[in-house]
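All chains, full assembly: derive it from the sequences and hints.
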Amino acid sequence: MTAVPESAKPTSFLLDGRAVDALPGETILQAARRHGVDIPHLCYKDGLRPDGNCRACVVEVKGERPLAPSCCRIPQEGMEVATTSERARHSQKMVLELLLSDVVETTYTLGSELETWARALEIDTPRFAPRRQPEPDASHPAIAVNLDACIQCTRCQRACREEQVNDVIGYALRGSQAKIIFDVDDPMGSSSCVGCGECVQACPTGALMPAKEAGLIEPDKTVDSVCPYCGVGCLLTYHVKDNTILQVTGRDGPSNHGRLCVKGRYGFDYITHPHRLTRPLIRKSGIPKSTEITIDPADPSDVFREASWEEALDFAAGGLKKIRDEKGGQALAGFGSAKGSNEEAYLFQKLVRTGFGTNNVDHCTRLCHASSVVALLEGIGSGAVSNQVADVAEAECIIVIGSNASENHPVAATFMKNAAKAGKTLVVMDPRRTELARHASYYLQFKPDTDVALLNAMMHTIIEEGLVHQEFIEQRTAGFDLIKQNVAGFSPEEMEPVCGIAAETIREVARRYATASGSMIFWGMGVSQHIHGTDNARCLIALALMTGQIGRPGTGLHPLRGQNNVQGASDAGLIPMMFPEYQRVDNEEVRQRFEALWGVSLDPQAGLTVVEIMDAILDDRLHGMYIMGENPAMSDPNLHHARQALAKLDHLVVQDLFLTETAAFADVILPASALPEKTGTFTNTDRRVQLARKALDPPGQARQDLDIIQEMARRLGLDWQYHDTAAVYEEMRQAISALGGISWSRLESQDSVTYPCWTEDDPGRPVVFQKDFPTSDGIARFVPARLIHADELPDAEFPFVLITGRQLEHWHTGAMTRRASVLNAIEPQPVINVHPEDLTALDGAEGDLLTIASRRGEITAYARVDAGLQRNEIFIPFCYQEAAANLLTNEALDPYGKIPEFKYCAVRVSVNRTAEA
Amino acid sequence: MAVQFSEETHKQFEDVLTRYPTKQAAILPTLWLAQTEFGYLSPAVMEHVADLLDLSPAYVHGVATFYTMFYKEPMGKCHVQVCTNLSCTLRGAEKIVHCLEDRLGVKVGQTTGDKIFSLSEVECLGSCGTAPVIQINDDYHENQTPESTLGLIDELARQAESASTSGS
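As given, the protein sequences belong to chains A and E, one line each in that order. One point on numbering: in the working numbering, the residue at position 181 of the first sequence is 181, and numbering is uninterrupted. One point on numbering: in the working numbering, the residue at position 118 of the second sequence is 118, and numbering is uninterrupted.
Because the hints were derived from the structure by calculation, they are not lab data. Please note that the accuracy of each hint is not assured.
BS3-like cross-link-like pairs, simulated, lysine-lysine; straight-line CA separation at most 27 Å [unchecked claim]:
1. E/LYS107 to A/LYS179
2. A/LYS421 to E/LYS23
3. A/LYS179 to E/LYS72
4. A/LYS648 to A/LYS327
5. A/LYS179 to E/LYS23
Since this is a predicted model, take the numbers as computed values, not measurements.
Next up, the structure:
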């Protein structure tokens, strides 16, 4: 038997005369609470560093003269602690009375901890004079600031500075004048606040509250669910009254530990936006489909008429059936969505494969991580992440490349920033300097399009300096010689002028990555959305393999997933060449298995991908589509092309919440349900399968997506009878072996379980590839990459490089977030980020309207200065339909992943002097 | 950039950095340099200091506002600081404060309209043996009486006036 180290043993002590134990690291306050004794406390909150400033939690320790703050005192063996002795109580009450005299009597929240403790300790109106109170600050659209309720406990400051690491809140002045400030005492709305609301969640008195007094309304119910936005997969709670969400609070989920961002916390009222579709719509006869989108989503009656569900479904399925029967299944295609649940994705692909009779089913992962997935499958046999975000706590070196995590994966970024603060080496590599770079030990602003040069130069260094993990290479990989030969010509010195990073810096970072006890790599769309996206990812994989930085905690490869269910939608088979669980459709044995499961014969040919489907429509090979929750008329590259294709379809069925740009081309629109209106599972970037629970009823006649898919299926001749979501999930579990141990009932009790998980008592595998890789022989493969340039390089006519992406407040094509009042109030207008010197050279100023033109289109947006860009680089978020960045982008594809080059095309920029600002 | 250290101050700042283990540790001398250069610490100056030290503006503001000797508002050319701690008060400091308020037409904490004098009460200046003491900018004036203080003020006002007329 191994001895338990002294520090890991519980401590015995006397609590109010009772013998109790404290676990290692537990404070008196925490241990007491675990034993049913609640000591008054205000400045202490679980998850935040104990600060001991309010003194409400003082207790008497026998033999000690001063009272001890129980929130930051670790009990010692045999200590005798009195929590309610006369001295302790007197002091606790005095603190509460003094604090009570500091605040006004107005109640800002039903859950004021100060009021609760004051009542519990029977404190009347305080005897002390009130202090001078600051004015209320209503400058932020989501957060009401009433510092006349503030007790300066600094929970908000710790939440902002230490937990979320946004560093906006400070503590100014001193003594009786001390107060909480934003930046340099700015109003919150004009400060650098990112609206994550962590301070609101931390505030014990209501001094910081959701706007519109949401904290004063008693909810009918609270429902535990999952955030509908990015791939981080934060668990949250909806507070609901009268079928409306009052507010959202973060839950202690494994990926967020109570944290949320501005979208997750304040971006929920899109659900009740007046544009919400509540009745099925059918295109009026004789209304042509134009590539100029002019329909008013608030009143589409010029183009569409309302219809009953029966009529709409018959018409929707009938049109598809007619094409199938006359022209064959290959003339049809479906786009599922990474925003829907696993069950929806699974049923949708099953409908296309078994009802349409084709593998033409894809979704937006094609536009985000298709290249990464190809490289990962080819190299290590699995497209999912090897390690979870939480592993940054175990790592020693963290590389984040081509990812603006602070805006696109805000809560994941907080854990990266926590790691950086804890002294880990954070390396940020990105042509555009983003917020995360401020926290980095190394920031490498390489030239756009030169990822392979930079990464090969790192590998060159690692090999040249003998930093490879020889044993790992020999035992677990193949093809190292290919890499060795390939990178021989990529010395840092030769690559310095190519990628713009000093050779010595490349060498330092390479050494750090190779020699750290654990190194992780995170990447985003900056890596994947290039015609060499697959090559970029191959280099990252090769780096991890040659240094053995994979297969252990705190190591590995993590392509950050963009949407809440990209991982799950891919797992569920919304991929034209793969059945669920990445089983290739052209594999005879696999196909037979699925034919047995689904009881029909299946198409042996791989289907078409997103952009190929558009090409096939224009080539007259494809005539009908069913699009569920996707918006290709905004998200595809070179939108003119995509919109022409959509307009050319004989029959288009769109299932969505709103009349999106894509729905404008529909023949029939089926009103669907938002995430808070449904129950289903969603798989986050960490491979965690998480349960969302229905909190609201859909408005009007809008229906559950799962019901709609089944109604469509029945009309296409499939006899489907799924009684509930669980039934779909359980069938999907038969198709996806890695979910074997995750039953529906387990999800109902545990909310979040990591796959692969083989049995009910298997806790799941946060770290995979520990012994082997899921390739045919268990061995990983090195695949070398050469330097390839972007498809369209800048020239004299189009001298700028356009990078597209997202903003913190807006998600994907903006269909939801631009209809969320808070988010739209913060970022209401289309912007183009320009380097300040470029803007001066253009004779423009911040706020000017700029016209941006590429060979494919032209848009107009407001100039925003961004010193994080390099000269001759511009950045445009793609969520603004009035200035759709994808009208400009290039549809050139990566040959392996078929992903378009969203991150690089040539444009020209000029100040628009004609349009009125 | 709206606010930036002059080349000379920046050189001093670089020198300050060499004396501390981290940038954060150099915050007080850096704020001091900033006050010397700009006269007071405006929000823009604090943001510049935050930028130089890789700190958040809120952190810098928190430190700067903790110390009364960092000025958050523009100060007069002559900062008259009257010690009103125990020894000085026993020896008549309050009378000096009152006669200064009368003479300058401002209250403690204010600056004259011509931006020549700012008046403050301060805690012990560490010169109890020569109480009452006033400090004008960096200079001590000891064993003060209302009369001697007003004489000093008149002299400073004269100097300021001649400086402004000769300068114009």
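*Hinted pair A/LYS179 and E/LYS72, Cα distance within 27 Å*: holds (16 Å)
*Do the alpha carbons of A/LYS421 and E/LYS23 lie within 27 Å of each other, as the hint requires?*
holds (14 Å)
*CA of A/LYS179 to CA of E/LYS23, is that 27 Å or under?*
holds (25 Å)
*Below or equal to 27 Å on CA atoms is what counts here, so check E/LYS107 against A/LYS179.*
Holds, at about 25 Å.
*Take a quick look at whether A/LYS648 and A/LYS327 sit within 27 Å of each other, Cα to Cα.*
Holds, at roughly 16 Å.
Violated hints: none; the structure is consistent with every hint.
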